[in-house]
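J.: Residues per chain are reported as follows:
Protein chains: 2
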Amino acid sequence: MENEAPIADASLREQLCDESFLLPTGVPGVFGYGRPMVLALAAVRQAIVDAWGEPTMTVTEFPAVMSRATLTQAGYVASFPHLVGSIRALPAGAGEPEADGEAWEKALAATDYVLAPASCYPVYPLHSGKLPAAGALVQVTGNCFRHEPSEDPDRLVSFRQLEFVRIADRDQTTSWFEQGREKMRQIGVGLGFQATVDSASDPFFGPARRILSAMQKNDGSKFELLTRVGKRDDVAVASANSHLTHLTRKFGIHTADGEEATSACVAFGLERLVFALVTQHGTDLRDWPAGLGAANTAGTGRP
Amino acid sequence: MENEAPIADASLREQLCDESFLLPTGVPGVFGYGRPMVLALAAVRQAIVDAWGEPTMTVTEFPAVMSRATLTQAGYVASFPHLVGSIRALPAGAGEPEADGEAWEKALAATDYVLAPASCYPVYPLHSGKLPAAGALVQVTGNCFRHEPSEDPDRLVSFRQLEFVRIADRDQTTSWFEQGREKMRQIGVGLGFQATVDSASDPFFGPARRILSAMQKNDGSKFELLTRVGKRDDVAVASANSHLTHLTRKFGIHTADGEEATSACVAFGLERLVFALVTQHGTDLRDWPAGLGAANTAGTGRP
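Protein chains in written order, with the working numbering: chain B, 1 to 303; chain R, 304 to 606.
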């Protein structure tokens, strides 16, 4: 079933829902996952961890919710104010709000919490201060939220990331970033994708967005793994990002020698990878590449 | 290491952080999880799925974010307005907000999304209309949020649930609920807990809360599995809930015969179960009961 004609996005969504990969929840970009999707996500995640092959990594998982102060300190809220979900709740000691939803919403106040737009932000403040000589190497699995409501299955509001994060001195991080970019490409090949790696930029907000994007596209700090999802040929399913001192400075992270540390990460979008696999190999998990053994041995993956 | 003297809650938290079960994020009730916690959560979850033993279940996972309309329709926002996290974001087409966080927060508007306070709410609208003759039987894993900020590790703001949900005619649901309550108790025994099952009530809000709680405690609609976590002897680590027609009526769910359907669920709090295991069996996963094989075979569980 490989490399059939592209599926239109609407029909990809329909197919994913018909075969219980996706369970609609009534709001755009948020889906429950049925058995084939649960199996596929677990298999893809494990295949990437195995292929990444850095067994000394610190293994972590982070929830969908994170500290508002940390995300603000990272500069994310200033650069991407349109993507962040802010969490409000009834303040402690509040009286009973009127029963209707609008009165309730008006009685709420900002909490200490926001939704994580990427999995790795909570990792940096854990390393404030001096790193060990080898630096830090962290695997993060997390749930993310970006407020980009869409009916396209490749543009989810709520999604999962698997990230690998390096925090170290400049030479260590640069070398890791270059290897990571190549490993990202090889993982695409291993998943049987027709994929390319290209320089890219983040979706900045506001009048300076074009300039900021163009600068980033030229400075070699962001590369994406692009492949076919539904009818689009160039969907980013992973990205390698060099932050230089952008985050380490904000969180006061230094090398063992007392120099300013640097950081980089490689992030995989797990749902998009599954949708790319469905597009390029079909919905029967038994037809997927051999590296996805967990899915294959679990049988058909049908619910 | 079983059944040692209780650990005070502060020292339980300290121990969980020292041994990388929990990674602080700077805000109360939200933690990252290190390798031992990742392994323990997966092992506990799998042990419960295996012990539950209903292989015909529809397997699902739901994210932390859900439809505001669904949670309102379920009556949750009216009954527990103090627990719900409402998600705000910049409205489409908004201009650039001022750079500081307060101006940004003021520019936000309510979205279609809230945080799920329990995993099973998105399941009911999926069954609106007529059920098959056997009814529905759904396994749900999900991420939940309840705005109860606390430094106690047994009172998380962000946590995971594994739920089993039955939607069927009254006899089918009643029989399943009674068996489920007993299976919940047996699962506690299987995890090596000194545990009791007791009737319980939900944390209602407002002036009528005492009456509502007392009514629920007497009507046999909610039972909790209580065990020791830290220094507290009676922490609820699971609950069995009979909803009768409370949810099926709101979501228009009928039996194959056209009667009003009923529903029930049994929900396990995965983090609390791990903390109960740590309290009662220690932090070395090799000392945990044999049913937790996945954790045991994965070695020490230390990062």
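Bear in mind the hints are in silico, worked out from the structure with no lab data behind them.
Do not rely on the hints blindly, as some may be mistaken.
[To be verified] Computed footprint of chain B on chain R, listed as stretches where at least three residues anywhere in the stretch have a Cβ under 8 Å from a Cβ of chain B:
hint: 1; segment: 447-457
hint: 2; segment: 480-486
hint: 3; segment: 529-543
[What the hints assert, rightly or not] Covered stretches of chain B (in silico footprint by chain R; criterion: 3 or more residues with CB under 8 Å from a CB of chain R, positions within the stretch not fixed):
hint: 4; segment: 30-37
hint: 5; segment: 49-62
hint: 6; segment: 65-79
hint: 7; segment: 108-122
hint: 8; segment: 200-213
Every residue gets a Cβ at the ideal spot worked out from N, C-alpha and C, and that includes glycine.
J.: Counting residues of the segment 200-213 of chain B whose CB is closer than 8 Å to a CB in chain R, do you get three or more?
T.: Per the Cβ count (3), the hint holds.
J.: Establish whether the coverage given for the segment 480-486 of chain R by chain B is satisfied; the threshold is a Cβ-Cβ distance below 8 Å, and no fewer than three residues must meet it.
T.: It is violated: at least three residues are needed, and the segment 480-486 of chain R offers just 0 whose Cβ sits closer than 8 Å to chain B.
J.: Closer than 8 Å, Cβ to Cβ, for at least three residues: run that test on the segment 529-543 of chain R against chain B and report holds or violated.
T.: violated (count 0)
J.: Please verify the coverage claim for the segment 108-122 of chain B: does it have three or more residues whose C-beta sits within 8 Å of some C-beta in chain R?
T.: Holds: 7 residues of the segment 108-122 of chain B have a Cβ under 8 Å from chain R.
J.: Are there three or more residues in the segment 447-457 of chain R whose C-beta lies closer than 8 Å to some C-beta of chain B?
T.: n = 3 at 8 Å, threshold three: holds.
J.: Are there at least three residues in the segment 65-79 of chain B whose beta carbon sits under 8 Å from a beta carbon of chain R?
T.: holds (count 9)
J.: Can the segment 49-62 of chain B be counted as covered by chain R under the rule of three residues or more with Cβ-Cβ separation shorter than 8 Å?
T.: It holds: at least three residues are needed, and the segment 49-62 of chain B offers 5 whose Cβ sits within less than 8 Å of chain R.
J.: With a Cβ-Cβ cutoff of 8 Å, does the segment 30-37 of chain B contain at least three residues near chain R?
T.: It holds, with 7 qualifying residues against the three required.
Violated hints for the displayed structure, listed by number in ascending order: 2 and 3.
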